[in-house]
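All chains should be modelled from the sequences, with the hints used to inform the complete structure.
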Amino acid sequence: MVDETKHGIDCTEFEALLSDAMDGDGLSAARKQSFEAHRHVCAVCGPLFADAQAGREWLRSLEAVEPPAHLVHNILVATSGVVSRRTLPTRADGRTTPLGERAREWWDSYAAPVSAFVRQPRFAMSFGMIFFSFSLGLSVAGVKPKDVAKVSLRPAVVRHAYNDAQIKVVQYYDNIRFVYEIESKVRELKRANTPAEPAEQKQNPKNNTSGQPEQRQDRNYSQDYNQPVFAALREAPPAVSTTTNRRSV
Amino acid sequence: MEEAQVVGLLVRRCVGGDAAAWEEIVQRYHRRIYNVCYRFAGDSDNAQDLTQEVFIKMYRTLNTYDSGKGAFMTWVTAITRNLLVDHFRKTKGDRITDSLDSTASEHEDAQPLSERIADGGLAPDAAVQKRETREMVHLALQSLSPELREAVILRDLQDMDYREIATALRVPEGTVKSRINRGRAELARLLQRTYKQVI
Ligand SMILES: [Zn+2]
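In order, the protein sequences belong to chains A and B. Per this note's numbering: the first sequence ends with 249, consecutive numbering throughout. Per this note's numbering: the second sequence ends with 448, consecutive numbering throughout.
Do not take every clue at face value.
[Stated by the list, open to error] Interface residues of chain B toward chain A, partial, derived using beta-carbon atoms under 8 Å:
no., residue
1, V255
2, A269
3, E272
4, Y283
5, I305
6, Y314
7, S316
8, G423
9, R438
[What the hints assert, rightly or not] Under the rule of at most 20 Å between Cα atoms (straight-line distance), these lysine to any residue pairs were calculated in the SDA-like manner:
no., chain 1, residue 1, chain 2, residue 2
10, B, K445, A, D25
11, B, K379, A, Y221
12, B, K445, A, R219
13, B, K339, B, N295
14, B, K445, A, P47
15, B, K318, B, I328
16, A, K32, B, Q441
17, A, K32, A, P47
18, B, K341, A, S222
19, B, K379, A, E66
20, B, K379, A, A16
21, B, K339, A, P47
22, B, K445, A, D51
23, B, K339, A, S222
24, B, K445, A, Q53
25, B, K445, B, E381
26, B, K339, A, R219
27, B, K341, A, N220
28, A, K32, A, A16
29, B, K341, B, D292
30, B, K445, A, A54
31, B, K379, B, K318
32, B, K341, A, A50
33, A, K32, B, S427
34, A, K32, A, I9
35, B, K379, A, S222
36, B, K445, A, D23
37, B, K379, A, A64
38, B, K339, A, L27
39, B, K379, A, E57
40, B, K379, A, S61
Honestly, the hints are just simulated from the structure, not real lab data. A virtual CB, placed ideally from N, CA and C, is assigned to each residue, including glycine.
Next up, the structure:
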């Protein structure tokens, strides 16, 4: 970036003020004026401001996502090993779960396959998205559109590939649905046979969670952007294996 | 009681062996940590594993947390970030193929019920478009360098202030600001460039 003083501030100063200026506070009136003046005349900083502002808008359009329902349970099993009723619908002491909780469990058994289906990303993926992730990959890999010109993008060919993907998705969905149907039938049968089903919570053995302090500091993704980082850079492996059990609900 | 006091008390109870206090900490923070991990790692499976690892690490080192040295959330973010560094180094090789291979954003569907109902009133195209825009942003985010990615996640998605981010990342505030600026701008350029090709 050329450091050219325009309207009292140079490009380096402009960049330093950029985030504060976008937050709408932290700049004095005079400073704000110099900043705005520089923005309007500088061919580098003007576009930088526009891009940063657009990027911020895109980012803020992303909403918080809800973690999977079993995450807290899994974390507790992997740490203290103590899971209270608040987290777990079935009780650890072997007594029957209250009716309300059993009803919820029943509901979950039906709702889960539906939400799992809704969350299938590939199923909802449109042609636009497929093409977007394709071109994004190329952009990132540094491939220019003209390099791809030789690749066949005739509508018929692309449509064929898209249809293929869809057929696979539908087949996958059908398989999954079949499994869920069997599962819920089995559950129904089990419930019919054992009205007061005892809780079958598995108390996983405690992971070693002795409070040994372990502090790893000042870590970076790499020394240099283009330099490979070798495994040797990692410090001694932690004493405890941190096996995660995402699927054990 | 203030948030800091509540958390301070919970931590003390937890270090003293109170399992209920630990559960309360997990309940309070798992969403935030999961969201940071999800936006950084790109998919739900990795985000779940990473979140779990963060809590395992927290559980083991909770007695080293010093409230005098900063907010609990900053401490938690520092732990999270260290694990993200490890994760990034481990998975570095397969990142490009990942972004080609997956839509990565199973969550853009899992919107709140109220919104799903509201969306029902929209023309289906508009709702789909809105979701796809978010998916594109999420995918583009994965293409930023990890330094820029974590900076914009903490600032624009987690609303942390510059000082907190600087403490969690152990870099000067000026560096944080510069990474945020570059991260935002690069994301916008990437999206604009790719958008033009799609439309
Ligand atoms: Zn300038």
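Each hint, compared with the structure:
1. V255: With a closest approach of 17 Å, the B:V255 hint is violated.
2. A269: With Cβ-Cβ at 7 Å, under 8 Å, it holds.
3. E272: OK, holds: B:E272 within 8 Å of chain A, min 6 Å.
4. Y283: holds, 4 Å
5. I305: holds, 5 Å
6. Y314: violated, 10 Å
7. S316: Where the cut-off is 8 Å and the nearest Cβ of chain A is about 16 Å from B:S316, the hint is violated.
8. G423: At about 7 Å, which falls below the 8 Å cut-off, the nearest Cβ of chain A leaves the hint on B:G423 intact, so it holds.
9. R438: Cβ of B:R438 sits 6 Å from chain A, so the hint holds.
10. B:K445 x A:D25: violated, 34 Å
11. B:K379 x A:Y221: violated, 33 Å
12. B:K445 x A:R219: violated, 37 Å
13. B:K339 x B:N295: holds, 12 Å
14. B:K445 x A:P47: Cα-Cα ~18 Å, so holds.
15. B:K318 x B:I328: Given pair B:K318, B:I328 holds - Cα atoms ~15 Å apart, limit 20 Å.
16. A:K32 x B:Q441: violated, 28 Å
17. A:K32 x A:P47: holds, 18 Å
18. B:K341 x A:S222: holds, 11 Å
19. B:K379 x A:E66: Given pair B:K379, A:E66 holds - Cα atoms ~18 Å apart, limit 20 Å.
20. B:K379 x A:A16: The given pair, whose Cα atoms are some 33 Å apart, is violated under the 20 Å limit.
21. B:K339 x A:P47: Given that 20 Å is the threshold and the Cα spacing comes to 36 Å, the pair is violated.
22. B:K445 x A:D51: holds, 15 Å
23. B:K339 x A:S222: It holds: about 12 Å lies between the C-alpha atoms, which stays within 20 Å.
24. B:K445 x A:Q53: holds, 19 Å
25. B:K445 x B:E381: Holds, at roughly 15 Å.
26. B:K339 x A:R219: This hinted pair holds, its Cα atoms lying about 14 Å apart.
27. B:K341 x A:N220: holds, 13 Å
28. A:K32 x A:A16: holds, 13 Å
29. B:K341 x B:D292: With a Cα-Cα distance of about 15 Å, the restraint between B:K341 and B:D292 holds, given a limit of 20 Å.
30. B:K445 x A:A54: Cα-Cα ~15 Å, so holds.
31. B:K379 x B:K318: violated, 42 Å
32. B:K341 x A:A50: violated, 31 Å
33. A:K32 x B:S427: Holds, because 18 Å separates the two Cα atoms, which is no more than 20 Å.
34. A:K32 x A:I9: Satisfied, since the Cα-Cα distance of roughly 11 Å is no more than 20 Å.
35. B:K379 x A:S222: violated, 35 Å
36. B:K445 x A:D23: violated, 29 Å
37. B:K379 x A:A64: holds, 15 Å
38. B:K339 x A:L27: violated, 42 Å
39. B:K379 x A:E57: holds, 14 Å
40. B:K379 x A:S61: Distance of about 9 Å is within 20 Å: holds.
Hint violations for this structure: numbers 1, 6, 7, 10, 11, 12, 16, 20, 21, 31, 32, 35, 36, 38, all remaining hints satisfied.
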